[in-house]
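For chain F, the structure is supplied; the task is to place chain E with the ligands on it using the hints.
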Amino acid sequence: MHHVIIGNGIAGVQAAEAIRHLDPESEISMIAAETFPPYCRPMISLLLEGAVTPDRLPIRPGDFYESRSIRAFPGVRVTAIDSGRARLSLDTGETLAYDRLLIATGADPRAIRAEGKTLAGIFSMRTVSDVQKMLDMLSSCRSALVLGGGLVGFKAAYSLLKRGMAVTMLIASGYPLSMQLDPVSGGIIRDTLVRHGLHVETGVEVTAFEGSGRVQRAILNDGRTLACDLVVVGKGVRPATGFLAGSGIDVDLGIRVDEHLQTTISGVFAAGDVAELTDVVRKRPWINAIWPEAAAQGWIAGLNMAGRSASYQGSLGRNVIRMFDLDIMTAGIVQPQEAAGTTQVLTHLDGNGPIYRRFVLQEDRLVGFTLINRIEKGGMLVSLIQRGLPLDPEEKRLLLL
Amino acid sequence: MKQVVVHPEKCVGCMQCTVACAVAHSSSRTLYAALLEEPLPRSRIHIGSTRFGRGFPNRCRHCDPAPCMRACLPGAIYRVSEYGTVLVDPDKCINCASCAMACPFGVIRYHEDAWAQPGKTVAVKCDNCLSRQLRGLIPACVEACKSGALGFEEMDRAQRRKTDAVSDTVWSTSGVVLPAAGSIGFELLHAQKKAMVEMAQTSRA
Ligand SMILES: Cc1cc2nc3c(=O)[nH]c(=O)nc-3n(C[C@H](O)[C@H](O)[C@H](O)COP(=O)(O)OP(=O)(O)OC[C@H]3O[C@@H](n4cnc5c(N)ncnc54)[C@H](O)[C@@H]3O)c2cc1C
Ligand code: SF4
Ligand code: SF4
Numbered sequence: 001m002h003h004v005i006i007g008n009g010i011a012g013v014q015a016a017e018a019i020r021h022l023d024p025e026s027e028i029s030m031i032a033a034e035t036f037p038p039y040c041r042p043m044i045s046l047l048l049e050g051a052v053t054p055d056r057l058p059i060r061p062g063d064f065y066e067s068r069s070i071r072a073f074p075g076v077r078v079t080a081i082d083s084g085r086a087r088l089s090l091d092t093g094e095t096l097a098y099d100r101l102l103i104a105t106g107a108d109p110r111a112i113r114a115e116g117k118t119l120a121g122i123f124s125m126r127t128v129s130d131v132q133k134m135l136d137m138l139s140s141c142r143s144a145l146v147l148g149g150g151l152v153g154f155k156a157a158y159s160l161l162k163r164g165m166a167v168t169m170l171i172a173s174g175y176p177l178s179m180q181l182d183p184v185s186g187g188i189i190r191d192t193l194v195r196h197g198l199h200v201e202t203g204v205e206v207t208a209f210e211g212s213g214r215v216q217r218a219i220l221n222d223g224r225t226l227a228c229d230l231v232v233v234g235k236g237v238r239p240a241t242g243f244l245a246g247s248g249i250d251v252d253l254g255i256r257v258d259e260h261l262q263t264t265i266s267g268v269f270a271a272g273d274v275a276e277l278t279d280v281v282r283k284r285p286w287i288n289a290i291w292p293e294a295a296a297q298g299w300i301a302g303l304n305m306a307g308r309s310a311s312y313q314g315s316l317g318r319n320v321i322r323m324f325d326l327d328i329m330t331a332g333i334v335q336p337q338e339a340a341g342t343t344q345v346l347t348h349l350d351g352n353g354p355i356y357r358r359f360v361l362q363e364d365r366l367v368g369f370t371l372i373n374r375i376e377k378g379g380m381l382v383s384l385i386q387r388g389l390p391l392d393p394e395e396k397r398l399l400l401l
Numbered sequence: 001m002k003q004v005v006v007h008p009e010k011c012v013g014c015m016q017c018t019v020a021c022a023v024a025h026s027s028s029r030t031l032y033a034a035l036l037e038e039p040l041p042r043s044r045i046h047i048g049s050t051r052f053g054r055g056f057p058n059r060c061r062h063c064d065p066a067p068c069m070r071a072c073l074p075g076a077i078y079r080v081s082e083y084g085t086v087l088v089d090p091d092k093c094i095n096c097a098s099c100a101m102a103c104p105f106g107v108i109r110y111h112e113d114a115w116a117q118p119g120k121t122v123a124v125k126c127d128n129c130l131s132r133q134l135r136g137l138i139p140a141c142v143e144a145c146k147s148g149a150l151g152f153e154e155m156d157r158a159q160r161r162k163t164d165a166v167s168d169t170v171w172s173t174s175g176v177v178l179p180a181a182g183s184i185g186f187e188l189l190h191a192q193k194k195a196m197v198e199m200a201q202t203s204r205a
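Residue numbers (the working numbering), protein chains in the order written: chain F, 1 to 401; chain E, 1 to 205.
The shape of chain F in the complex, shown without the other chains:
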């Protein structure tokens, strides 16, 4: 049996380990476009910030591939899948046959529409090499522009502020992380960032970048010009499915999979940021592109590939962010307009800490929360959401304490 895994992110790594866990014999190949050994992607913002050096990024010992008898194809990109003949085409011109295949290709940064976007100094922040290129330029940069207030834009802005740069963030909504946060907590975060020197511009867009070879300014749609010598595009990600055209594998928001993480083609699996699963609280197809989901999905896909039936019953969006003196944790539905049925929102704000707790309930079941500070028990709340048990009035009161 030959297992082929495309991608060496956390989903691919966990799948390889799950297969080996059950089956020491069968052949495993891992193909990865990046040449860096399996590493902690979320830590690249710490690399940008200067808090860690690149040698801290690997998530497995240096002998990861050899010790598990995995054939590695670093720096190789899969260009097409022929699911009828169970073969992959590689950018080296070769083809590779598989018995079971896992697609764990993660996500690509969303592109922007602006003239001059190919000038030097304009980056997305997805890989360790993106950050290494930024670091090479950093000493000659003074003012940075961050496009987008999502998780990656937010982390880039935070890291660059810590580097002492002048940072401007352009966001469509009034506050960063608007997909994850409600207006009260979003406002607390915006105010904290602004207090630490971030400049925030809302409701404007970049129409063009200018500079001779290297970016020097951005032209906004209200006619203004902003000086900048480093730009980070953090407009979100989309599943890396470009190479699947003609493969017969069904792609909707991401690659569609069943509860065993098998795609519409038997023997072909998908896991992590590239896969679309049912969201446990929204009860519809969704992509929760986060590390713990990718890790768990990779593991379960690997078990299934190795022949043990294991099922995943839905994904849950959640995130935790620590910046300056704030800890912020969110999970599930935060904007109740997304909610159906009888919705109840419970909040508690103690402005001095500040301590903020906000819970969204549907038919007496917890479907989402936001915590600012005092986050230690967040895992209990996550499991309350995942179990979907109805809460009585006393239990609801306890949530707020």
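Treat the hints loosely; a few may be bogus.
Every beta carbon over 12 Å from chain F, so not counted as near; a handful from chain E, in silico [claimed, not checked]:
no. : residue
1   : GLN3
2   : GLY55
3   : GLU154
Only part of the chain E face toward chain F is listed, based on derived beta-carbon distances under 10 Å [claimed, not checked]:
no. : residue
4   : PRO65
5   : GLY106
6   : ILE108
Simulated from the structure, these hints should not be mistaken for laboratory data. As the structure is a prediction and not an experimental result, all values here were calculated from the model. Cβ atoms here follow ideal geometry from the backbone N, Cα and C, with glycine treated the same way.
Then chain E with the ligands, alone, in the frame of chain F:
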């Protein structure tokens, strides 16, 4: 393999276990010297309260598989299989709190610790008193608990006793809500389910 087993119904909320735990994880390992240490040692066992205000000694269950371990971004959480213990490597920890979001028992705290680099905030949780066990001692919290709420027992024996207790509860009490089978995250949550059974018993008794 022996493990710390919690009998919440016997907890009187005296907090002796928390003091003993903090001392056991100080540099000096004696109460009076520990009080002068910087950082001040803190307990890794926490007394929560149940919905009727009773004490509940809450500590790491060293789950297998452990949700915190799978969620840890840099891979700082690992298992020492011989002792059934899940540990945090303070040098690898980046203080991201992903483990707080994964631990269904809310037992991880973030602060400086005698065993971490000075000045570094890290994830801290129960380590089953491995250093004491290596010296032939039982975990400090168990040694300190005089009400029998904490025991150090062979796991399979404890499991059997718990199973009996659960089946008693299920058959003798109507309206006891036990967690639904087949919940999210499949076997990640087995340990959590076990603890829920524990909690359902205490909180609805
Ligand atoms: C800056 C940043 C910060 C983040 N912070 C957090 C956080 O705090 N918490 C959190 O939960 N999540 C965070 N995330 C998200 C998290 O990193 C992802 O959810 C997770 O890494 C997804 O893992 P994956 O294995 O699905 O994909 P990836 O890690 O993206 O791995 C995919 C792999 O596939 C390879 N690949 C892609 N296409 C091909 C191809 N055609 N052929 C061969 N190889 C290919 C890629 O090179 C890559 O190595 C962050 C992400 C970023 C970028
Ligand atoms: S999830 Fe919580 S209880 Fe389980 S091993 Fe991790 S810290 Fe301990
Ligand atoms: S806080 Fe430390 S132990 Fe917890 S998940 Fe983050 S790195 Fe791992």
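So, going through the hints one by one against the coordinates:
1. GLN3: Given a closest Cβ separation of 20 Å, the condition holds.
2. GLY55: holds, 15 Å
3. GLU154: holds, 26 Å
4. PRO65: Holds, because the Cβ-Cβ distance from E:PRO65 to chain F comes to roughly 8 Å (cut-off 10 Å).
5. GLY106: holds, 4 Å
6. ILE108: Status holds, d = 7 Å.
Checked against the numbered hints given earlier, this structure breaks none of them.
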